[in-house]
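**Q** Note that the protein sequences, when read in sequence, are chains U and X.
Positions 1 to 112 (my numbering) are the ones given, in order, by the first sequence.
Positions 1 to 115 (my numbering) are the ones given, in order, by the second sequence.
It should be emphasised that the hints constitute simulated quantities derived from the structure, not laboratory data.
Do not rely on the hints blindly, as some may be mistaken.
Unchecked claim - Derived list of chain X stretches under chain U, where covered just means 3 residues or more per stretch with a C-beta under 8 Å from a C-beta of chain U:
| # | stretch |
| --- | --- |
| 1 | 38-45 |
| 2 | 88-98 |
| 3 | 106-112 |
Positions of the beta carbon are idealized from the N, C-alpha and C atoms, including for glycine.
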Amino acid sequence: QKEVEQNSGPLSVPEGAIASLNCTYSDRGSQSFFWYRQYSGKSPELIMFIYSNGDKEDGRFTAQLNKASQYVSLLIRDSQPSDSATYLCAVNSGGSNYKLTFGKGTLLTVNP
Amino acid sequence: KAGVTQTPRYLIKTRGQQVTLSCSPISGHRSVSWYQQTPGQGLQFLFEYFSETQRNKGNFPGRFSGRQFSNSRSEMNVSTLELGDSALYLCASTRGAGGPPETQYFGPGTRLLVL
Numbered sequence: 001q002k003e004v005e006q007n008s009g010p011l012s013v014p015e016g017a018i019a020s021l022n023c024t025y026s027d028r029g030s031q032s033f034f035w036y037r038q039y040s041g042k043s044p045e046l047i048m049f050i051y052s053n054g055d056k057e058d059g060r061f062t063a064q065l066n067k068a069s070q071y072v073s074l075l076i077r078d079s080q081p082s083d084s085a086t087y088l089c090a091v092n093s094g095g096s097n098y099k100l101t102f103g104k105g106t107l108l109t110v111n112p
Numbered sequence: 001k002a003g004v005t006q007t008p009r010y011l012i013k014t015r016g017q018q019v020t021l022s023c024s025p026i027s028g029h030r031s032v033s034w035y036q037q038t039p040g041q042g043l044q045f046l047f048e049y050f051s052e053t054q055r056n057k058g059n060f061p062g063r064f065s066g067r068q069f070s071n072s073r074s075e076m077n078v079s080t081l082e083l084g085d086s087a088l089y090l091c092a093s094t095r096g097a098g099g100p101p102e103t104q105y106f107g108p109g110t111r112l113l114v115l
């Protein structure tokens, strides 16, 4: 069973701080890695994707991928109360780009 | 461009019944994936359809089935409902034509309650 594990949380940070979310995966064949954000009662929305080792930055968000360690992370700089949500790590599995395995998510709360 | 739509949004059924959920993908998207989300198991992949064919399948029992029509709209069916089938059912669409990995765009979901 291919698995994706996330730090269980919940994670609480003060406004303006850096939030760090971590994810490990078991399928060495995985090539695509996604971070989704899900607000309570809503469907997941994509924040970022990363395919290559290293860092990828998009505004206040930075995704980091280390395929050798099977580890992917998301950093949120200058955290805002509006960032409070559950963050889901997703990894393609079974050799298909259209089959995603999700972690169970990390609940982030940003306190004003 | 309109997003992914799902109907109905809410559904209440009793054990033993069957249910059909519908998903209309973003215009131009030909791949539709279905996921089940529960508090205990999180988001789990059910199956993916492309060009009216099931291309990928998750680890769910045969009570869960789906199909896709020529206009890319998809339906999923759950027969002989069990209490544990209570969940949020999400569909997601992509262009699906291969090549570089694509983002899956999720619909608002159908919340199913089995009594």
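**Q** Can the stretch 38-45 of chain X be counted as covered by chain U under the rule of three residues or more with Cβ-Cβ separation shorter than 8 Å?
**A** That given contact holds, which follows from 5 residues of the stretch 38-45 of chain X lying within Cβ reach (below 8 Å) of chain U.
**Q** Can you take a look at whether the stretch 88-98 of chain X is actually covered by chain U? Rule is 3+ residues, C-beta closer than 8 Å.
**A** holds (count 4)
**Q** Checking C-beta pairs, does the stretch 106-112 of chain X have three or more residues closer than 8 Å to chain U?
**A** holds (count 4)
Violated hints: none; the structure is consistent with every hint.
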